[in-house]
Amino acid sequence: ETGVTQTPRHLVMGMTNKKSLKCEQHLGHNAMYWYKQSAKKPLELMFVYNFKEQTENNSVPSRFSPECPNSSHLFLHLHTLQPEDSALYLCASSQVKGAKGNTIYFGEGSWLTVV
Amino acid sequence: ELKVEQNPLFLSMQEGKNYTIYCNYSTTSDRLYWYRQDPGKSLESLFVLLSNGAVKQEGRLMASLDTKARLSTLHITAAVHDLSATYFCAVGTGNQFYFGTGTSLTVIP
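From first to last, the protein sequence lines are chains A and B. Heads up, the first sequence is in the working numbering, so the first residue is 1 and it goes up one at a time. Heads up, the second sequence is in the working numbering, so the first residue is 1001 and it goes up one at a time.
Accuracy of the hints is not assured; some may be wrong.
[Claimed, not checked] Beyond 10 angstroms from chain A on every Cβ pair, some chain B residues (computed):
hint, residue
1, Leu1011
2, Gly1016
3, Thr1020
4, Val1048
5, Asn1052
6, Gly1059
7, Met1062
8, Ser1064
9, Lys1068
10, Ala1069
11, Thr1073
12, Ala1078
13, Ser1084
14, Gln1096
15, Thr1106
[As the list claims (entries may be wrong)] Listed below are the simulated SDA-like cross-link pairs for lysine to any residue, each with C-alpha atoms no more than 20 angstroms apart in a straight line:
hint, chain 1, residue 1, chain 2, residue 2
16, B, Lys1041, A, His10
17, A, Lys36, B, Lys1041
18, A, Lys40, B, Met1062
If you are wondering where the hints come from, they were derived from the structure by calculation, not from laboratory data. No residue lacks a Cβ here, since even glycine has one placed at the ideal position from N, Cα and C.
If we strip away everything but chain B, and leave its shape as in the complex, we get (with noise of 0.2 angstroms):
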């Protein structure tokens, strides 16, 4: 079974600072996933990457995938309160989705 690993798990971090998490997978995929979910809701998707190499962003958020090291990071810059959420990572293989174990990031005024 494909497993997928998110660090950290928690992330307490300062308005106005930089951090990354990062999700590593155990098996070959060509897609990874990262979603969003906010205390009580469901999960919103960011983004899909589908290719080594491949970089996308948002905001204050930039996530980019290398698919021979078989791990994804999210990127944030200059976090603002609005950000704390709980971020997962996803890869996909066929029509299975495997998730991470979330990183529940908390930004501080």
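The shape of chain A in the complex, shown without the other chains (with noise of 0.2 angstroms):
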């Protein structure tokens, strides 16, 4: 079992429909975040949970939000998205206390495609 898991692996869906994505790490660490990847563009931050509480929203759009239960599950809902949407989404996990060269762990990435 990898230390981040994410599913679904892949998404398809229109842009009226309501979908989520889901991540889970399983390394005991309490800080979780979501990247956008899209083609030729750096890694995008979009949101971060420290503790359960967002630190960091990156001036996303409203159509995309966060929810973090608890320290090992994040999930990204997503609804009404558009086509430029369409990109690859990576959840990771860092321990924000503790030795000072932690690092972060993505999980595998959730592939949406917006129609």
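These two chains come separately, so use the hints to put the complex back together.
The following block contains the structure:
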């Protein structure tokens, strides 16, 4: 079992649909992240949760709605998306307190296509 | 906002050759990370560099950090095809991680 698990791996949705991406981390970390990776663009940080509290929202449109019910689970709720939202959505986790060099671990990603 | 720049963006190199990827960042940080991403896959952690002058090596890859110059390098020695991937550097501050644009490396036989 990998440290950070994302489901579904692939999702095709219409612009009027509502769907959710799910992420679960098994590493005992206390921070979780959503990143968006589009072709030919840098990784874009979307949301950061630290001890279940949202600490960062990088001007993400409201059609993306995160939810973090506990330190191990993170959701990204999707509603009325646009075709330009098609991308790879990466969930990640890290340990905020503790050893200085704690790295960020990524899930396999969810490939989203909006049609 | 902290900015991270990598160059080159694309790199095509022959097997057996050496090359260096550069990562510059805009403000002070004490943590620098290198990741590898294969096509269609997630990001895999390669190195964590925590102090000025830090050098880490794994196989044909060696990473170094100069915090005064705000520069990290990833040196590839005697490249092999298996190293073909996209390499990202990332700078950490607090619980934030800022990623570079990535360097797409293709090793040609």
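Outcome of the hint check:
no., hint, result
1, Leu1011, "16 angstroms, holds"
2, Gly1016, "29 angstroms, holds"
3, Thr1020, "20 angstroms, holds"
4, Val1048, "5 angstroms, violated"
5, Asn1052, "14 angstroms, holds"
6, Gly1059, "19 angstroms, holds"
7, Met1062, "18 angstroms, holds"
8, Ser1064, "15 angstroms, holds"
9, Lys1068, "19 angstroms, holds"
10, Ala1069, "20 angstroms, holds"
11, Thr1073, "18 angstroms, holds"
12, Ala1078, "27 angstroms, holds"
13, Ser1084, "18 angstroms, holds"
14, Gln1096, "7 angstroms, violated"
15, Thr1106, "16 angstroms, holds"
16, Lys1041/B - His10/A, "12 angstroms, holds"
17, Lys36/A - Lys1041/B, "14 angstroms, holds"
18, Lys40/A - Met1062/B, "26 angstroms, violated"
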